[in-house]
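*Asks:* Sequence:
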Amino acid sequence: MQRYGLDIWSDNNFKIEDSYIKLNYKSSPSLYDIVSVIREDGLKGPLLLRFPHIVKKQIDNLFKEFKRASKELNYTGDFSAVYPLKVNQNPNLLSAILDSSKEYRYGLEAGSKAELLIAMSNINKDAPITVNGFKDKELISLGFLSAKIGQNITLTIEGINELETIIEVAKEEKILPNIGLRVRLHSLGVGLWAKSGGINSKFGLSATELITAIEILKKHNLLNKFTMIHFHIGSQITSIAPLKKALREVGNIYADLINMGAKNLNTINLGGGLAVEYAQNQTSKVANYSLREYSNDIVFMLQTISKNKDVKEPDIMIESGRYITASHAVLVAPVYELFSHDYQENLLKLKEKNPPLVKELKELYDYIEPHNALEFLHDSLDHLNSLLTLFDLGYIDLQDRSNAEILTHLIIQKAILLIDDEKSNEIKKLENQIQEKYLVNFSLFQSLPDFWGLKQHFPVMPISKLDKKPTRSADIWDITCDSDGVISFDEQNPLYLHNIDLKKEDYFLGFFLVGAYQEVLGMKHNLFEKPTEVTVNIDENGYNLKHLSESNSIYDTLNSLGYDTSFLEKKLKEQIKDMKDFEKLKDLLKDNSYLRTFINQDT
3 MQRYGLDIWS DNNFKIEDSY IKLNYKSSPS LYDIVSVIRE DGLKGPLLLR FPHIVKKQID
63 NLFKEFKRAS KELNYTGDFS AVYPLKVNQN PNLLSAILDS SKEYRYGLEA GSKAELLIAM
123 SNINKDAPIT VNGFKDKELI SLGFLSAKIG QNITLTIEGI NELETIIEVA KEEKILPNIG
183 LRVRLHSLGV GLWAKSGGIN SKFGLSATEL ITAIEILKKH NLLNKFTMIH FHIGSQITSI
243 APLKKALREV GNIYADLINM GAKNLNTINL GGGLAVEYAQ NQTSKVANYS LREYSNDIVF
303 MLQTISKNKD VKEPDIMIES GRYITASHAV LVAPVYELFS HDYQENLLKL KEKNPPLVKE
363 LKELYDYIEP HNALEFLHDS LDHLNSLLTL FDLGYIDLQD RSNAEILTHL IIQKAILLID
423 DEKSNEIKKL ENQIQEKYLV NFSLFQSLPD FWGLKQHFPV MPISKLDKKP TRSADIWDIT
483 CDSDGVISFD EQNPLYLHNI DLKKEDYFLG FFLVGAYQEV LGMKHNLFEK PTEVTVNIDE
543 NGYNLKHLSE SNSIYDTLNS LGYDTSFLEK KLKEQIKDMK DFEKLKDLLK DNSYLRTFIN
603 QDT
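Residue numbers for the sequence shown follow this note's numbering, beginning at 3 and rising by one.
Read the hints as simulated data drawn from the structure, not as lab findings. By construction, the Cβ of each residue, glycine as well, lies at the ideal position given by its N, Cα and C atoms. Hints may be right or wrong, so weigh each one.
[What the hints assert, rightly or not] Between beta-carbon pairs, the in silico distance windows are:
(1) Phe584 to Gly564: 18 to 28 Å
(2) Ile556 to Lys506: 48 to 58 Å
(3) Asn528 to Lys314: 48 to 58 Å
(4) Leu390 to Lys579: 40 to 50 Å
(5) Pro358 to Phe584: 52 to 62 Å
(6) Phe584 to Ser30: 41 to 51 Å
(7) Asn76 to Asn528: 42 to 52 Å
Let the sequences and hints guide you as you build the complete structure.
*Replies:* This is the structure we're talking about:
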């Protein structure tokens, strides 16, 4: 059984049973069943499925592990966490986060005025709010308002000018927010986001600026409001070593600041970075540590430095949004076409007299057997290359070329089925030449922008037929009109899919761990909007669907770009004489922009 690395990336959230991938929770519904029920209502495009129970599991695990580590080491500081809204501001997700975390007073982090308004209006009682990023006077004033209405808010200073603005606003207000200072560490992170750390990072105060900030706070009698230092060495920290180095550096900064008079400084905010495992095979694993090791190391390192420096053990805060949300969402998209299905035997149109190499290809196809399958496969690929050269030189015609392509693909399909496992390594050497192209009804730019921009791998697998061996090395093509809309076959992360007759059955691919950043970074390339989304609540008796939000219609998309759709409709009506055609066009504009009809359905 092909498991698609489930034991590596799924964290026991999913399981394979009865040929389907299922939720490993309570009644364990299959993704295929959930998708089939939704599609019965005519929603035929890609679907984004949310599972709030996974959000709760992640929050529970995070707080339990830090509680365990603190208890085992007799750590005296508290632990808290905030969810950074930039990771995914979806209201249905945020509702699940807040509902799941009341007992922990799990807070929110904002990086803009809009995000701070979300935080202020949704925050659970007594839960912290932190504000990071560059701030103007209006944003700082909004932070003061949050404090005024009794919220536990900390404004994290990114530059001396922000501190000066806080002092200016403080002259007009009696109730002040807490103040944090973001530290620009020498320590670097690791991985795709390593540039978030280091001495040249975008955010934070240098050592000199920290000293200046302390002096300014003293001068204006605001040092008592300074309660937190913050650092961030990058999202998705794949190795624990850089974090340990950063903790040594920030721990010493913490102790020195207290000794400089910052007696109310009590919290070190480590930012985000807790890694999520995206790999589908052991050789490509990205994270070299567990949540247990992560919590142990943070508690131990900060405790050790505090003892050595004879200062109080700090409260620990983290902002790990990817860890909380990545696993809660799955994109399921239907395969629209397999391009090798253009190479069927009934499409062969052999001539009475064929070129010798075409004739030989036909013989290879007729007489291929297990004992000669690999040899015949090699021969067919060589013959095809020779025939394509002959076509370029004008020695064979288009029909000969078509016959050569069809016969070669038929030989490939037969060979894959006939070659035994002992020779499968030989097949792997040829996979770049014999891939199947799967056209999938989704936009990579809209739903997996980190793959397009950063080549971030996401686990991909079919959601059914998992009792059958997949035989085709796969390229995944999205439906955009862009050559970058491709997930190419990767020998380091090979993807094998099934050879399916889409005239007889549907075939769906699941893209996993897409709950962090992908929705908020997704772009409207070719004007493909976000997919239809739905929240799936699972219990012992089954599941129910909530918060179904359909993908925007073409009307909505055009309106959002500033087009006057009434004017557009009027101009088209002037050109279309047949009213039946015009009414069909109006129906189309009310539809969303994804493909709705499939090979096995009437157009």
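*Asks:* Hint compliance check: list the failing hint numbers for this structure, sorted ascending.
*Replies:* 2, 7
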